[in-house]
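So the sequences go chain by chain: X and Y. The first sequence begins at 5 in the working numbering and counts up one residue at a time. The second sequence begins at 5 in the working numbering and counts up one residue at a time.
One or more hints might be untrue.
If chains are identical, the list can't say which one is meant, so a pair holds when it fits in one copy or spans any two.
[As the list claims (entries may be wrong)] Straight line, CA to CA, 30 Å or less: simulated DSSO-like cross-link-like pairs of lysine-lysine: (1) K433 / K43; (2) K43 / K81; (3) K81 / K136; (4) K433 / K291; (5) K433 / K136; (6) K433 / K11; (7) K291 / K136; (8) K81 / K433; (9) K43 / K291; (10) K11 / K81; (11) K43 / K11; (12) K135 / K291.
In case anyone wonders, no lab produced these hints; they're calculated from the structure. Quick caveat: nothing in here was measured; it's all calculated off a predicted structure.
2 protein chains.
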Amino acid sequence: MTDQRVKFVLEEQDIPTHWVNLMADLPGDAPPPLHPGTKEPAGPDDLAPLFPMSLIMQEVSPEPEIEIPEPVREAYKLWRPTPLHRAWRLERELDTPAHIYYKYEGGSPPGSHKPNTAVAQAFENASAGIKKLSTETGAGQWGSALAFACRLFGLECEVWMVGSSYDQKPYRRSMMETWGATVHRSPSEVTEAGRSQREHSTGSLGIAISEAVEVAAQNPDTNYSLGSVLNHVLLHQTVIGQEALAQMAMAGEEPDVVIACVGGGSNFGGLTFPFLRRVIRDGARTKFIAAEPAACPTLTRGVYAYDFGDTVGLTPLMPMFTLGHGFVPPPVHAGGLRYHGDSPLVCALVRAGLVEPRAYRQNETFEAAVRFARSEAIIPAPEPAHAIRAVIEEATAAREAGEPRVILLGLCGHGNFDLSAYDAYLAGKLEDPVFSEQDLDAALAGLPDAPALA
Amino acid sequence: MTDQRVKFVLEEQDIPTHWVNLMADLPGDAPPPLHPGTKEPAGPDDLAPLFPMSLIMQEVSPEPEIEIPEPVREAYKLWRPTPLHRAWRLERELDTPAHIYYKYEGGSPPGSHKPNTAVAQAFENASAGIKKLSTETGAGQWGSALAFACRLFGLECEVWMVGSSYDQKPYRRSMMETWGATVHRSPSEVTEAGRSQREHSTGSLGIAISEAVEVAAQNPDTNYSLGSVLNHVLLHQTVIGQEALAQMAMAGEEPDVVIACVGGGSNFGGLTFPFLRRVIRDGARTKFIAAEPAACPTLTRGVYAYDFGDTVGLTPLMPMFTLGHGFVPPPVHAGGLRYHGDSPLVCALVRAGLVEPRAYRQNETFEAAVRFARSEAIIPAPEPAHAIRAVIEEATAAREAGEPRVILLGLCGHGNFDLSAYDAYLAGKLEDPVFSEQDLDAALAGLPDAPALA
Chain X
5 MTDQRVKFVL EEQDIPTHWV NLMADLPGDA PPPLHPGTKE PAGPDDLAPL
55 FPMSLIMQEV SPEPEIEIPE PVREAYKLWR PTPLHRAWRL ERELDTPAHI
105 YYKYEGGSPP GSHKPNTAVA QAFENASAGI KKLSTETGAG QWGSALAFAC
155 RLFGLECEVW MVGSSYDQKP YRRSMMETWG ATVHRSPSEV TEAGRSQREH
205 STGSLGIAIS EAVEVAAQNP DTNYSLGSVL NHVLLHQTVI GQEALAQMAM
255 AGEEPDVVIA CVGGGSNFGG LTFPFLRRVI RDGARTKFIA AEPAACPTLT
305 RGVYAYDFGD TVGLTPLMPM FTLGHGFVPP PVHAGGLRYH GDSPLVCALV
355 RAGLVEPRAY RQNETFEAAV RFARSEAIIP APEPAHAIRA VIEEATAARE
405 AGEPRVILLG LCGHGNFDLS AYDAYLAGKL EDPVFSEQDL DAALAGLPDA
455 PALA
Chain Y
5 MTDQRVKFVL EEQDIPTHWV NLMADLPGDA PPPLHPGTKE PAGPDDLAPL
55 FPMSLIMQEV SPEPEIEIPE PVREAYKLWR PTPLHRAWRL ERELDTPAHI
105 YYKYEGGSPP GSHKPNTAVA QAFENASAGI KKLSTETGAG QWGSALAFAC
155 RLFGLECEVW MVGSSYDQKP YRRSMMETWG ATVHRSPSEV TEAGRSQREH
205 STGSLGIAIS EAVEVAAQNP DTNYSLGSVL NHVLLHQTVI GQEALAQMAM
255 AGEEPDVVIA CVGGGSNFGG LTFPFLRRVI RDGARTKFIA AEPAACPTLT
305 RGVYAYDFGD TVGLTPLMPM FTLGHGFVPP PVHAGGLRYH GDSPLVCALV
355 RAGLVEPRAY RQNETFEAAV RFARSEAIIP APEPAHAIRA VIEEATAARE
405 AGEPRVILLG LCGHGNFDLS AYDAYLAGKL EDPVFSEQDL DAALAGLPDA
455 PALA
């Protein structure tokens with residue numbers, strides 16, 4: 005395969021100048037979030053205790069594009085533009101006529117796509133005079149991205165880390181501390197929300213969110229920062245898809261199918277929204293697949309309803325597919341995908357039939373990840389391993405159809421901190437959990453009283 | 005700092021086409037390695053049980069440049085060219101007029117510069133019909149690079165991992181196994197050398213080398229692979245320095261000082277040799293600093309003499325600075341720098357006064373690494389932390405002199421697998437060992453009987 009290009013690389017000047025706001029092109033009207041008390045549409049003022057007004061304006065903006073502040077583009081230069089790879093070796097391993105490309109976000113210092121929004125949020129908060137950001141983290145990807153971003157813009161950073169991850173992933177905690185953050189094991193004793201959940205000693209993302217939100221709501225110089233789900237978070241991630249569009253053009257190809265994993269939706273939205281906008285505007289025929297864990301099947305088994313973003317019920321009610329805010333998914337290694345809800349924007353696209361969700365079991369995703377690592381060398385995080393599973397399905401379908409379909413994969417992070425899971429998989433000892441139907445029924449029965457969604 | 009470039013990025017076509025063989029330009033005659041039995045100069049045939057003839061010819065080649073085989077350049081494309089960064093944020097943090105650049109090799113899948121030679125060695129062995137490579141690894145950087153390279157070229161890989169690292173760094177073992185390698189804890193029971201060293205239960209690099217060499221010597225379809233020290237290994241690493249030369253030209257600057265850490269010398273040689281060749285040929289005035297641990301101060305406290313490369317005494321005698329092949333350095337986290345000897349080429353340059361060695365204590369290197377991580381975001385491995393310490397000294401000297409000196413740092417790997425050491429440092433619990441003078445005297449008394457070096 006001499007002289008074939010493996011990577012498509014952009015220069016710093018090619019870092020996008022604007023973010024893509026898909027809200028402006030979304031088919032139909034997006035239902036608004038609701039105030040958790042009044043159940044009336046939540047306005048900018050309702051969010052002001054937690055977020056700076058500039059981010060709130062991004063959250064509700066009708067503009068199709070929003071300019072990226074220059075200090076944020078400067079920070080992006082530390083690791084962006086990220087490369088687009090042609091997966092020649094994986095194609096050979098799969099004996100497929102498909103052309104497989106992957107956009108790799110694992111080269112950022114925290115090792116994932118998360119800093120794309122972390123630096124934007126840290127900048128806007130610092131500009132607004134905020135001194136500290138509070139947040140939650142599951143496996144630690146988001147917490148380390150925010151720790152890194154706060155360091156760049158001179159903010160303090162306080163992280164509530166889900167108890168089970170805190171115990172199992174001490175390296176992620178050390179990484180956050182190396183960048184200067186303070187890390188609490190959640191549930192903690194320093195918040196009311198944490199103390200109220202003492203009996204759930206291994207914690208959950210929903211509990212950790214409640215703790216971080218409580219601290220931000222009570223301290224005027226502290227704001228809250230969320231790593232996914234919200235419109236402005238997905239907005240910031242669209243640098244991924246814009247670069248990928250330019251790089252696919254360099255490769256002279258159009259993707260027939262774009263695949264990414266979905267937890268809260270920021271990786272998925274970041275890669276797909278620039279492509280989806282073309283589909284919506286120009287009627288391009290691109291397929292979009294959202295890969296999620298069978299242990300936490302929000303898009304494939306959830307209901308479309310208003311629900312809280314956290315466990316305790318402090319956040320606005322969001323219109324989304326949800327398993328119920330009380331749902332506690334079984335412990336899979338893809339901690340970033342263990343969330344009861346999903347981005348309202350991504351959910352609206354699934355409802356509109358523009359995005360196809362698929363759910364995978366843990367062992368089949370690790371099987372796919374090991375095949376990827378043994379051909380393409382990068383060891384993927386457990387989250388994008390779900391998307392890789394879908395890529396292998398699509399590449400196999402292309403072989404069966406005898407068609408050179410073009411597949412674009414979002415490879416949002418490396419698995420260097422997840423090698424104990426690979427160890428378990430290789431030893432044949434990796435668990436393969438599914439959720440309990442009884443737990444799901446109970447969680448859905450606990451949905452808040454709110455207007456039904458069309 | 006709007007519009008200032010942070011990274012200087014090359015295209016795949018700019019990956020060097022040749023390696024730089026500094027042997028051809030070395031001042032004076034290089035003393036030959038000696039056969040461990042006869043003490044006569046070792047010829048190519050003496051190395052044939054361990055290495056393919058193509059690598060042996062590279063080891064002894066007088067040619068100034070050696071062409072890189074096309075399949076190796078193709079493999080390089082998976083992660084090369086690597087970026088050169090301008091450390092704007094570190095310069096500001098240090099309040100220095102110095103311009104600091106770093107060449108970052110941590111973006112390779114194994115996370116260090118090691119695959120530059122691993123893929124070259126795997127290719128040459130596969131071309132020679134070899135089925136398996138055996139090797140040793142300390143902290144795991146080299147073993148994981150070779151596991152990855154063997155996978156690319158269809159070879160089996162068997163690794164002896166120093167016992168203490170095997171116990172402390174299970175993630176590095178999992179990484180090697182994910183790429184399909186077999187990993188033994190050294191000393192192991194599967195070799196004579198291992199069984200003879202049972203009492204040293206935590207192992208050492210020298211013992212692990214003995215085990216890997218023994219297996220290769222006894223099996224005709226198995227060869228041995230070394231990750232540093234030898235001429236051909238340093239040769240392969242010169243892609244680093246050649247890219248850095250081109251990137252410094254893109255930046256429009258000439259380095260006044262080039263700094264890298266030294267364990268066996270492959271990272272140091274890889275970065276510096278293309279620059280050193282200019283100094284030797286054109287009399288350019290560039291300073292070169294080799295940073296090593298005070299706990300294993302080979303270049304600053306060793307003697308220049310013939311010594312074995314391994315503990316048991318199976319390898320040829322190499323002309324080098326050595327602490328004695330029986331020297332066991334205290335356990336510092338920079339496992340890649342815990343070696344009693346050093347590359348004969350690098351040692352000859354130190355002898356010739358072209359390279360200045362400096363030794364640093366563990367805590368001062370971690371202090372430097374944390375400053376780097378908090379300004380430049382990348383968390384460095386403990387090995388290049390030694391070089392960062394020297395960079396900070398040079399940047400401080402530039403401030404005191406009021407001169408905008410240009411400093412080039414070799415940042416050879418990330419510290420994602422070394423976060424427990426950062427944890428200890430941040431908690432004030434990191435040990436700061438020095439070696440015992442008594443142990444050094446004893447080890448030097450055990451040097452083999454061999455001709456003295458001029």
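Please work out whether the CA atoms of K291 and K136 approach to 30 Å or closer within one copy, between two copies, in both situations, or in neither?
neither (41 Å within a copy, 43 Å between copies)
First find the shortest C-alpha distance between K43 and K291 inside one copy, then the shortest across copies, and answer within, between, both or neither for a cut-off of 30 Å.
Answer is neither: 36 Å inside a copy and 69 Å across each miss the 30 Å cutoff.
Identical-chain pair category, K81 with K136, by Cα at 30 Å
within (24 Å within a copy, 41 Å between copies)
Quick one: K135 to K291, C-alpha cut-off 30 Å, is that within a copy, between copies, both, or neither?
neither (43 Å within a copy, 43 Å between copies)
Is it within, between, both or neither when you check K43 against K11 at 30 Å Cα-Cα?
neither (50 Å within a copy, 49 Å between copies)
Give the relationship of K433 and K136 under a CA distance limit of 30 Å: within one copy only, between copies only, both, or neither.
between (42 Å within a copy, 28 Å between copies)
Given identical chains, is K433 near K291, meaning Cα to Cα at most 30 Å, within a copy, between copies, both, or neither?
The answer is neither: 35 Å in one copy and 53 Å across copies each exceed 30 Å.
What label fits K433 with K43 when the C-alpha limit is 30 Å: within, between, both, or neither?
neither (47 Å within a copy, 52 Å between copies)
Up to 30 Å CA-CA - K81 versus K11, copy category
both (18 Å within a copy, 7 Å between copies)
Status of K11 relative to K433 across identical chains (alpha carbons, at most 30 Å):
For K433 and K11, the Cα distance exceeds 30 Å both inside one copy (35 Å) and across copies (43 Å).
Please sort K81 with K433 into within, between, both or neither, judging by C-alpha distance up to 30 Å.
So K81 and K433 fail the 30 Å test inside a copy (41 Å) and across (35 Å) alike.
Within, between, both or neither: K43, K81 at alpha-carbon 30 Å:
neither (42 Å within a copy, 55 Å between copies)
Consistency with the previously given hints fails for numbers 1, 2, 4, 6, 7, 8, 9, 11 and 12, ordered from lowest to highest.
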